[in-house]
Amino acid sequence: AQKVTQAQTEISVVEKEDVTLDCVYETRDTTYYLFWYKQPPSGELVFLIRRNSFDEQNEISGRYSWNFQKSTSSFNFTITASQVVDSAVYFCALSERRSSASKIIFGSGTRLSIRP
Amino acid sequence: EAEVAQSPRYKITEKSQAVAFWCDPISGHATLYWYRQILGQGPELLVQFQDESVVDDSQLPKDRFSAERLKGVDSTLKIQPAELGDSAMYLCASSILQGGSYNEQFFGPGTRLTVL
Chain P
1 AQKVTQAQTE ISVVEKEDVT LDCVYETRDT TYYLFWYKQP PSGELVFLIR
51 RNSFDEQNEI SGRYSWNFQK STSSFNFTIT ASQVVDSAVY FCALSERRSS
101 ASKIIFGSGT RLSIRP
Chain Z
1001 EAEVAQSPRY KITEKSQAVA FWCDPISGHA TLYWYRQILG QGPELLVQFQ
1051 DESVVDDSQL PKDRFSAERL KGVDSTLKIQ PAELGDSAMY LCASSILQGG
1101 SYNEQFFGPG TRLTVL
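From first to last, the protein sequence lines stand for chains P and Z.
Under our numbering, think of the first position of the first sequence as 1, with each following residue one higher.
Under our numbering, think of the first position of the second sequence as 1001, with each following residue one higher.
Calculated from the structure, these hints are not laboratory results.
Even glycine gets a Cβ: it sits at the ideal position worked out from N, Cα and C.
It is possible that some hints are incorrect.
List time: in silico SDA-like cross-link candidates among lysine to any residue, alpha-carbon distance up to 20 Å [to be verified]:
no., chain 1, residue 1, chain 2, residue 2
1, P, Lys3, Z, Gln1041
2, P, Lys3, Z, Gly1040
3, Z, Lys1011, P, Pro41
4, Z, Lys1078, Z, Ala1067
5, P, Lys16, P, Phe68
So the derived list for chain P, only partly shown, Cβ under 10 Å to chain Z, looks like this [claimed, not checked]:
no., residue
6, Tyr37
7, Ser87
8, Phe91
9, Lys103
10, Ile104
Just need the whole structure built from these sequences, with the hints factored in.
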């Protein structure tokens, strides 16, 4: 069965600090996709990144970086020099590639608060 | 830029009443998903359509929930009768159907339901 675990329910840091959001996943498939979404207070889900299971290269996009390690089934997300606008709930998610239209399994989310 | 449309954005109803949500996917997207997000949790798939056919409704409480996509375009999700535990955000997503690769899911802004 698929499962995504985000053990950190809430994180609060002061602006400009670096922060890492943890994500651990479970799947029996060898081909799958991992995602991170951001959900600001307005409620919409904002897509941040997708990785497939064959690409373990870390990725950096501005202040955001992602560390994918198949050996530990983890896909962690780091925000460098955090800003107040980064405050949101962040979801890690998994989709098994059984078809080209597979559902997404979400973790329970980590609420990130950046204090000025 | 094409977007998934949902209405209403907010709905307040009383217990035992009927309520309906509407979703208009991005034009040309054959796959449509309804997710439910209870406060403090990640979204969970309720039903998935491929054109007008249901391909996954295993998590849909069929005694009170129904979903249809009669012409394979827009979709309606209905709850009758609503219960207090149905208070949640209802998210619609759509994706194009192309074999052989992952098809991105695009999420709408959601309908926030409050049952009193």
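Does the structure break any of the earlier hints, and which numbers would those be? 5, 7
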